[in-house]
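K.L.:
Sequence:
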Amino acid sequence: MQIPTGVLAPVAGTPFDFLAPRRIGERLAEVDGGSEKGYDHCFSRLAAGAADASASMPLDVIAVLVDPASGRRMTVRTTAPGVQVYSGNFLSKEPAAAPHTQYGALCLETCNFPDAVNKAATAGFPSPILPPHATYKHVAAHAFEW
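In terms of this note's numbering, the sequence shown has 57 at position 65, counting the first letter as 1, and numbering is strictly consecutive.
Worth flagging that the hints you see were computed from the coordinates, not collected in a lab.
Among the clues, some could well be false.
Only pairs whose alpha carbons sit at most 25 Å apart, straight line, appear in this in silico DMTMM-like list of lysine to aspartate or glutamate [claimed, not checked]: (1) K85 - D24; (2) K111 - D9; (3) K29 - E86; (4) K129 - E101; (5) K85 - E22; (6) K85 - E18; (7) K29 - D107; (8) K85 - D107.
These numbers come from a predicted model, not from an experiment.
Hey, can you work out the whole structure from these sequences and the hints?
P.N.:
So, in structure tokens, the structure goes:
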């Protein structure tokens, strides 16, 4: 279903539960990513039922990715209310396309919520509408260690 509903659903105990460290692909086959299995979902920093967060949010860690084989680590911080997680569901299934093959990549896009322009008033989403002469700013910082 790739259409945002405006519902901030709890993730605990679901294939979307990354509250504790675990492998991204561990439950990939359980996730409806459209016509292919996989993640293409927006994760929220807001709690379900939270008030509108149109005001600036603090720069917080929203993801830490670790490659156990090499020890490489990427830490992502943002002031944005959401992060779109995409697991390469629609990349090629052909081995000859390597390294650009299905599930061979992970994208973390810090963002406002998809379709927020249509959902902000009813779902309490931060509004993506910028008034005339206003300035938009959000920070995304990626730190790499190895």
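K.L.:
Compare the structure with each hint and give your call.
P.N.:
Consistency of the hints with the structure:
Only pairs whose Cα atoms come within 25 Å are accepted, and K85 paired with D24 is accepted, the gap being roughly 17 Å. With a CA separation close to 24 Å, the supplied pair K111 and D9 stays within the 25 Å bound. Note on K29 and E86: the hinted pairing holds, with a Cα-Cα distance of about 16 Å set against a maximum of 25 Å. Note on K129 and E101: the hinted pairing holds, with a Cα-Cα distance of about 15 Å set against a maximum of 25 Å.
A hinted pair counts as satisfied when its Cα atoms are at most 25 Å apart, and K85 with E22 qualifies at roughly 18 Å. Distance check on the hinted pair: K85 and E18 sit about 19 Å apart at the alpha-carbon level, within 25 Å; holds. The straight-line distance between the Cα atoms of K29 and D107 is roughly 22 Å, inside the 25 Å bound, and the hint therefore holds. For the given pair, K85 sits about 30 Å from D107 by alpha-carbon distance, which is inconsistent with the 25 Å threshold.
In this structure, only the earlier hint numbered 8 is contradicted, and the remaining ones agree with it.
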